[in-house]
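Going down the list, the sequences are from chains A and B. For the first sequence, the positions run 8 to 423 when our numbering is used. For the second sequence, the positions run 8 to 423 when our numbering is used.
A portion of the hints provided could be inaccurate.
Which copy? The list can't say, so a pair holds if one copy fits it or any two copies do.
[Said to hold, decoys possible] Subject to a maximum C-alpha distance of 30 Å in a straight line, what follows is the list of computed DSSO-like cross-link-like pairs (lysine-lysine):
id: 1; residue 1: 198; residue 2: 322
id: 2; residue 1: 117; residue 2: 150
id: 3; residue 1: 124; residue 2: 150
id: 4; residue 1: 150; residue 2: 119
id: 5; residue 1: 136; residue 2: 322
id: 6; residue 1: 198; residue 2: 130
id: 7; residue 1: 130; residue 2: 357
id: 8; residue 1: 136; residue 2: 119
id: 9; residue 1: 338; residue 2: 357
id: 10; residue 1: 322; residue 2: 357
id: 11; residue 1: 338; residue 2: 169
id: 12; residue 1: 119; residue 2: 169
id: 13; residue 1: 216; residue 2: 130
id: 14; residue 1: 136; residue 2: 150
id: 15; residue 1: 322; residue 2: 119
id: 16; residue 1: 119; residue 2: 338
id: 17; residue 1: 338; residue 2: 322
id: 18; residue 1: 322; residue 2: 169
id: 19; residue 1: 322; residue 2: 117
id: 20; residue 1: 136; residue 2: 124
Hints are computed from structural coordinates only; laboratory data are not their basis.
Number of protein chains: 2
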Amino acid sequence: MALIVQKYGGTSVADPDRIRACADNVAITKRHGNDVVVVVSAMGKATDNLISLADSVSDNQPGREMDMLLTTGERVTAALMTMALHDRGVDAISFTGSQVGIITDTEHRKAKIIEVKGDRVRKALGEGKVCVIAGFQGVSTAKEITTMGRGASDLTASAMAKALDAAACEIYTDVTGVFSADPRIIPQARKLQRINFDEMLEMAGAGSKVLALRSVEFARNHNVSLHVRSAFTWESGTWVTTEEPSMEDPIIRGVVTDTTEAKVTVLGVPDRPGISAALFEPLAGASVNVDMIVQNTSTDGTTDISFTMPMSDMKVAEDIVARVAEEIGAKGVTHDNDIAKVSLVGAGMKSSPGIAASMFRTLADEDVNIEMISTSTIRISVVVASADLERAARALHTAFGLDSGEGYAGPLPERR
Amino acid sequence: MALIVQKYGGTSVADPDRIRACADNVAITKRHGNDVVVVVSAMGKATDNLISLADSVSDNQPGREMDMLLTTGERVTAALMTMALHDRGVDAISFTGSQVGIITDTEHRKAKIIEVKGDRVRKALGEGKVCVIAGFQGVSTAKEITTMGRGASDLTASAMAKALDAAACEIYTDVTGVFSADPRIIPQARKLQRINFDEMLEMAGAGSKVLALRSVEFARNHNVSLHVRSAFTWESGTWVTTEEPSMEDPIIRGVVTDTTEAKVTVLGVPDRPGISAALFEPLAGASVNVDMIVQNTSTDGTTDISFTMPMSDMKVAEDIVARVAEEIGAKGVTHDNDIAKVSLVGAGMKSSPGIAASMFRTLADEDVNIEMISTSTIRISVVVASADLERAARALHTAFGLDSGEGYAGPLPERR
Chain A
8 MALIVQKYGG TSVADPDRIR ACADNVAITK RHGNDVVVVV SAMGKATDNL ISLADSVSDN
68 QPGREMDMLL TTGERVTAAL MTMALHDRGV DAISFTGSQV GIITDTEHRK AKIIEVKGDR
128 VRKALGEGKV CVIAGFQGVS TAKEITTMGR GASDLTASAM AKALDAAACE IYTDVTGVFS
188 ADPRIIPQAR KLQRINFDEM LEMAGAGSKV LALRSVEFAR NHNVSLHVRS AFTWESGTWV
248 TTEEPSMEDP IIRGVVTDTT EAKVTVLGVP DRPGISAALF EPLAGASVNV DMIVQNTSTD
308 GTTDISFTMP MSDMKVAEDI VARVAEEIGA KGVTHDNDIA KVSLVGAGMK SSPGIAASMF
368 RTLADEDVNI EMISTSTIRI SVVVASADLE RAARALHTAF GLDSGEGYAG PLPERR
Chain B
8 MALIVQKYGG TSVADPDRIR ACADNVAITK RHGNDVVVVV SAMGKATDNL ISLADSVSDN
68 QPGREMDMLL TTGERVTAAL MTMALHDRGV DAISFTGSQV GIITDTEHRK AKIIEVKGDR
128 VRKALGEGKV CVIAGFQGVS TAKEITTMGR GASDLTASAM AKALDAAACE IYTDVTGVFS
188 ADPRIIPQAR KLQRINFDEM LEMAGAGSKV LALRSVEFAR NHNVSLHVRS AFTWESGTWV
248 TTEEPSMEDP IIRGVVTDTT EAKVTVLGVP DRPGISAALF EPLAGASVNV DMIVQNTSTD
308 GTTDISFTMP MSDMKVAEDI VARVAEEIGA KGVTHDNDIA KVSLVGAGMK SSPGIAASMF
368 RTLADEDVNI EMISTSTIRI SVVVASADLE RAARALHTAF GLDSGEGYAG PLPERR
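Pulled out of the complex, with its shape left as it was, chain A reads as follows (with noise of 0.2 Å):
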């Protein structure tokens, strides 16, 4: 008998019917005589909604609070999907996240986890029961509830799975896998058998929404390996494993795009050491998750520093970063929120030189103007117009022979 954890997004479970279509997919497990975890999201636009609740109440909203706030979008999922699973005659209990002991640190709204205790988990499972888990909680070391961020359910499903050695850990979404593009932006985005984890990772941190990245983080360092896939059908969907890439694997495994982040720029900074960490540290004290930095080669003793941040992160950094420039003496800041990243992501890459070249190239083609580049071995990111984004990444998904399938096996030809 294995132990399946099985986890549930938010729009698998945006209404009655698919929550209900959702426990017919756990009741079949169950039946197939496996144990079952199931850990569910808020419905739908539930955390958001909720979020909106909180901006109309109040203009400064206490992380504490909203963790008491937003912690009920995932409790009532999991008591209705407990009740589907009932009416299916399957014995089954809801628990949030403090119940199962989820234990946190004690930063609201994106705590990390500390310790998985699962002791309620396990002895509901010795009784036979289908144990469903409220997500993306905890409870704290001072004993409040906490929030582990936006799509921390996942996270909440890779913890329980190693927590409880799970045979395996299924995460449903609205998609049937992971693509080698986003379908809406790219039509012709392919579903991938299989990624591995550093690859996952890089796409994650691209702006990939599939797996948030602090789980696909989780699932690596604790080794469990994921099946991302649809829970509105019974194929396979996307394995996401430590697996290295083999010789027959493209060099190029994905484009990602992501238009949440802004550009922020700081003008006119005296060029002298210290600045960057004067700038930085704050942002990083108040959480600001700051993405790529460019710093430009300073000419007459000033320079301009721009980094790109989430939008959502903007109310908090604005304040920071218009202090800070004060503080060390630069001319102005600017914010741009037209802009986009597109990034290239393969674990082909690192053995394969001249990609970046080919990228910059085949950007150049289409008359895509980069504001900003960044790279790690495995991924190369560019910042470009938002304007310029799906004909950005069209053309980068045919280039890199994505469409077909085929994948990318060296530079590209010389065009005209």
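Please build the complex by placing chain B on the supplied structure of chain A, with the hints as guidance.
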């Protein structure tokens, strides 16, 4: 410095604007130098919406899961109210029932309070914080989330007032106090300045929705004076206290109408000992609150037993009654949802004979047929057809001098 407990009901916190208005009220109370504990209900129709959601997902809703689901409503309000208080510069903190140590028995959906620990509230009050508590909920001795029945946020407020030895317990609602009748039915209904617990208990038992029966019982048993008032005016409301009625008080305090009950009749029951027990014990076991019971005198060795009960319990009761009716050899069961209950309540009734006779004559003059009668020392209730309710209630309100505020001072003059 006095400690004030303030409870805000569902209509008082139905939308962001009203939550902010209630927060203003709390902030003013705090600035006047009081310690404040706030108890909140779920926003407007939030609880009803969660119940419909459960109905759409599942046919049979385990109590434990319903409690997991329903407690989220009050938590949302508690978090939002706390945020609104922060905006007003008031240091505040929200708590769930479990966090403040409201320990209940294990009867889900209708749990009873065993103990109120209140340690976290005392500590937070000591730090100068306003405590905002999610009403209606507690944690059972088996460490499960429980709820204490509809309207139990009032109970949370009285219990906290008792545990913290509060100077006052203010119940903020959508009306400005307790009225001599429901103003929606009887426009000339008047607000009562004060009422004693026994009268309030009978009014709640007779179907008045202003205060929940159990919270009045609790307040009476623990001598917690309640001040029922509106959150949106500063006028004084109605004080509910232990005070005995004085000579000047009217004999009849109010007319209470109730349209939430249904009548069940078990026909042709063999008239032998133990029949009532056979019927009502299993209903009590299923926590169905049977209200009025009438058994007709037997003529042919069989008898008809009629009783009223909340329509909302009908789903549970129907099966039980059908089963018992068959077991005891009854001829059949009928249900009637089109009934209403109208009651006269007043402590003066105790020492004033003939009230029942005057009541029946008033109804007869209005051609209202009486289906069932039940009395206590300070209440007379009759069941009538729903269609007759308004006419009956208005006639009684006028006949017993409640329109003018003078009150009824003796038997009605003989009419025509």
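Here is what the structure says about each hint:
Taking the closest pair of Cα atoms, residue 198 and residue 322 never come within 30 Å of each other, the shortest separation being 36 Å inside a single copy and 49 Å across copies. Within a single copy, residue 117 and residue 150 get their C-alpha atoms as close as 16 Å, and across copies as close as 27 Å, so both meet the 30 Å cut-off. For a Cα distance limit of 30 Å, the shortest separation of residue 124 from residue 150 qualifies both inside one copy, at 14 Å, and across copies, at 16 Å. In this homomeric assembly, residue 150 and residue 119 come within 30 Å of each other (Cα to Cα) both inside a single copy, at 14 Å, and across copies, at 25 Å.
Taking the closest pair of Cα atoms, residue 136 and residue 322 come within 30 Å of each other only across two copies (27 Å); inside a single copy the shortest separation is 44 Å, beyond that limit. Taking the shortest alpha-carbon separations for residue 198 and residue 130, neither the intra-copy value of 38 Å nor the inter-copy value of 55 Å comes in at or below 30 Å. Taking identical chains as interchangeable, the C-alpha atoms of residue 130 and residue 357 are never at most 30 Å apart, the minima being 46 Å within one chain and 57 Å between chains. In this assembly of identical chains, residue 136 and residue 119 lie within 30 Å of each other by CA distance both inside one copy and across copies; the values are 28 Å within and 27 Å between.
Taking the closest pair of Cα atoms, residue 338 and residue 357 never come within 30 Å of each other, the shortest separation being 40 Å inside a single copy and 85 Å across copies. For the homomeric pair residue 322 and residue 357, neither the shortest alpha-carbon distance inside one copy (38 Å) nor that between copies (66 Å) is at most 30 Å. For a Cα distance limit of 30 Å, the shortest separation of residue 338 from residue 169 qualifies neither inside one copy, at 50 Å, nor across copies, at 61 Å. When the C-alpha separation of residue 119 and residue 169 is checked against a cutoff of 30 Å, the pair qualifies only within one copy, where the shortest distance is 15 Å, while the shortest distance between copies is 39 Å.
Taking identical chains as interchangeable, the C-alpha atoms of residue 216 and residue 130 are never at most 30 Å apart, the minima being 34 Å within one chain and 42 Å between chains. With identical chains, the CA atoms of residue 136 and residue 150 are at most 30 Å apart both within one copy (27 Å) and between copies (18 Å). Taking the shortest Cα distances, residue 322 and residue 119 sit within 30 Å of each other inside one copy (23 Å), while across copies they are farther apart (45 Å). Proximity of residue 119 and residue 338 under a CA criterion of 30 Å is satisfied in neither setting, with 38 Å inside one chain copy and 65 Å between copies.
Taking CA atoms no more than 30 Å apart as the test, residue 338 paired with residue 322 passes inside one copy only; the shortest distance there is 21 Å, against 72 Å between copies. Taking identical chains as interchangeable, the C-alpha atoms of residue 322 and residue 169 are never at most 30 Å apart, the minima being 36 Å within one chain and 43 Å between chains. Taking identical chains as interchangeable, the C-alpha atoms of residue 322 and residue 117 lie at most 30 Å apart only when both belong to the same chain, with a minimum of 16 Å there against 44 Å between chains. Proximity of residue 136 and residue 124 under a CA criterion of 30 Å is satisfied intra-copy only: 18 Å inside one chain copy versus 32 Å between copies.
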